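There are 2 protein chains.
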Amino acid sequence: MTPQAAAMEPDGPPAELTRVAADVDIRLRRLFDDELARWKELDPRLAEAIEELALVVNSGGKRLRAAFVYWAWRGRAGGAEAHPAHGAGPGERHVTDVGAAFELLQAFALVHDDIMDDSATRRGRPTVHVAQAARLEAEGWKGEPRRFGEGVAILVGDLSHAYADALMAEANPAARRIWDDLRIELSLGQYLDLRSAASGQLDWETARRVSTFKSALYTIVRPLQLGASLVAPASPALLAGLEAYGRPLGRAFQLKDDLLGVLGDERQVGKPVGDDLREGKPTELAAIAFERAGGDQQGILAGIGRRDLDAAEVDAIVEVFHTTGAVDEIEARIGDLVTEAVAAIDPLPFCEQAKGALASLADYVAARNS
Amino acid sequence: MTPQAAAMEPDGPPAELTRVAADVDIRLRRLFDDELARWKELDPRLAEAIEELALVVNSGGKRLRAAFVYWAWRGRAGGAEAHPAHGAGPGERHVTDVGAAFELLQAFALVHDDIMDDSATRRGRPTVHVAQAARLEAEGWKGEPRRFGEGVAILVGDLSHAYADALMAEANPAARRIWDDLRIELSLGQYLDLRSAASGQLDWETARRVSTFKSALYTIVRPLQLGASLVAPASPALLAGLEAYGRPLGRAFQLKDDLLGVLGDERQVGKPVGDDLREGKPTELAAIAFERAGGDQQGILAGIGRRDLDAAEVDAIVEVFHTTGAVDEIEARIGDLVTEAVAAIDPLPFCEQAKGALASLADYVAARNS
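One line per chain: the protein sequences are A and B, in this order. Under my numbering, the first sequence has 140 at position 151, and the numbering climbs by one with no breaks. Under my numbering, the second sequence has 96 at position 107, and the numbering climbs by one with no breaks.
These are calculated hints, taken from the structure and not from any lab test. Predicted model only: the values in this text are computed from it and were never measured. From the three backbone atoms N, C-alpha and C, an ideal C-beta is built for every residue, glycine too. It cannot be assumed that every hint is accurate.
[To be verified] Chain B stretches covered by chain A per the calculated footprint, using a threshold of three residues with CB under 8 Å from any CB of chain A:
#1 22 to 35
#2 124 to 132
#3 349 to 359
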C-alpha cells in the first residue's frame, strides 16, 4: 500500500472516489428529473423507459470511470500546486457532465451485456430484460416474454447511449475523438468476448485482448486520457504517461474482477458466483488453470461454458483454480501490476493531490471486494 | 404532382435523391475501408463485426434522411440563388458526413428493431440476428443460436450508433442538440411501438404518436432542421417552417409504409408482406379498419398480432382493409398530406433549386413502391 492510500477506510472506497461519485450522482438525478418531467407531460408511457434506466443507473456502481476522468482533469488543470477540495466552477461542472456520461455509457454496456450473457441479476436487482419479461406476464400482455423483455432492454441501453452522448456536448474535439474510439473498442471487445465464449477459444492471448479493450482501455486508460484532454489536447507524451499507469491497473482490475466472479461474496458482487464459468468467459485465471491442470483436472475444467453447471460442479472448478496455484498466481500478478501502475504516477505532470488520488484509486482497484 | 417533380423517372427516386445517395455511399465505403484496415491488423476477428455492419449499410436503403439533410443545408447555404450541381468544398464534405451519420443511425435502428420484431429478412437479405444464429450452428460453436445471433446483432447496432456519432464530430452545438434529441425520440418512439403491440393498444391516437416519433420527426423534420442548422443555428421561425413541411410529409411517409407493409411487392419492399400484421404493429390503416368493421370483420381483424397467421388469414385481413374503405381512406390522406407539405415549401428562405428538390422528394415519398 502506498503512503497516500494509508488514510483510506479498510473496507470502503477512498474519499477521492466517493466525493466524485456524489457529484456525478447529483448530476444524473437532475438529468432523469428533467427528462421524466419532459416526457411524462407528453405521454406517461414514454417515461417508463426512462424510469427503468434511472433504476439501473441509481442502483449503485462505483463511478470509477468518473473518478479517473475527474482526477486526470484536476491533475492537469491544477498544474503542480496542491488544491483545496473541489468547488463548482464551470470546469467542475463540465468534468462532472463527462463523468456522468461515462456512467451512462457503463449502464448502456451493462444492460446490453446482461442480455447477451442472459444474466438474471445485476447489482442485486433483476436485470432489465428479466424484469421486463416478468412485466409482460404480470400485465397479461401478448407476445413472448423473452422477446419483449430483451426488446425493452435493448431500447433502455440505446437510450442510455444517447443520453451519455448528450452529456458530452461541450467536450472539445480532442476529447470527443477519444470518446468515439473508446465506444468502438468497447463494442469490438465485447464482440470478441462473445465470439471466444461461443467458439471455445479460451486461450490466454484472447483473454488478454478482451481484457485490454473492456477493462484497461475502457475503464481506466480512456477515462484518464479524456479527462486530461478536457483541459486542452494532450501531448503524445502525456497520453503515453497515462497509459503507463492505466494499462497495468486495467489488467489488475480485470484480474480482480475475474477472482470476484468465482471467489467473491454474491451479496457484495451483486451477481451469482459461478455465472462467469457457466458463460465460459475467457479469463486469465481459467487460462492458467488449463495450462497447469493434470488429466483429471482437465476433465473438471472442461465443464467451463456449460450453462447447466450446478453448485457442486462450480465448487470443483474453483478447487482446481486453487490447487493448480492459478488463484495465487493471479493474486501475485495483481500485486505486481498495481506496483507497476503506482510507479508510473510520479513522472506525470500533475498536482500532488491528483497524484495521491491516483495512488488511492490504484490500491482500491486491487483491494475491493465488489 | 408538382411541376418540379415532372422530370423524375416514373418508377425511380429523383436525381435530387440519387445524387446525394451516391456521395453518402462513397463516404460510408471509405469509413468501412479505413476501419476494417485498422482493426484487421490488430485481430482479424474484430473486423467480422464491422464487416457485418458494412453488409447492412451497403445493402440498399434510400438515403432519404441524408437527402433531407443535404437539401436543407443547400437551401440555406445557397440563399436565393440557383446553384450548379454540387462540388466538393469543405461544406459539402461536412454535410456528406452528417448524411452518412444518419444512414448509420438508421442501420443501428433497423438492426435493433429487427431483433425486437424477430424479422427474418431486411432489404432482401437475412437480418443480422438470423444470419449470426445460423453462423453459430454452421461453425458448430457452443451455446444457444438465438442468444448468440441476437448478441452479435445488438453489438453490430451499437457499433453503428458509435460510428454515426463519430461522423457528427464537426457539427456545431445547435446541430448536435437536434441530433441528441432525435435519438431520444427514436428510442422512446420504438418503446411505445413495442409496448402498444404487447398491450394491444391499437388505438389511432397511439399509432399517430408512434408514427410522429419514428417517421415524421426522425425521418424528415429532424434531418431538415439539422441540415439547416449546419450553416448556423436556425431561428425558431425557420425550424417551424421546416416542421410545416416535414410533419405532414412524415405522416404521409408512414402511411405509405403501412400500405406497402400489407399491399406491397415482397421483392421490392424487401421483407415478407404480412409481418406487420403478425407483429400487431399499430397503424392508422388498422385503426380505421377497426373503427369501420362490422361483427364478422371484427373477428377477422382480431387475428392482428398473432405470430402464426398464415397467408390466407393475412389475405382475409387485407380484404377487410379494402372492403371497409380503409385503404382508400389512407390513399386519400397521403394525397392531402403531400399537398399540405408542398404548400409549406414556398415560404422557406431557400434557393429555388432546394425548393424544387423538396417538392420532388415529397412526391417520391408518396409514390415510391419500396
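Hint-by-hint comparison with the structure:
By the rule of at least three residues with a Cβ nearer than 8 Å to a Cβ of chain A, the coverage given for the stretch 22 to 35 of chain B holds, with 5 such residues. Taking a C-beta to C-beta cut-off of 8 Å, the stretch 124 to 132 of chain B contributes 5 residues in contact with chain A, enough for the three needed, and the coverage statement holds. For a cut-off of 8 Å, the count of residues in the stretch 349 to 359 of chain B with a CB near a CB of chain A stands at 0, and the three-residue condition is violated.
When the structure is compared with the earlier hints, a violation turns up for hint 3 alone.
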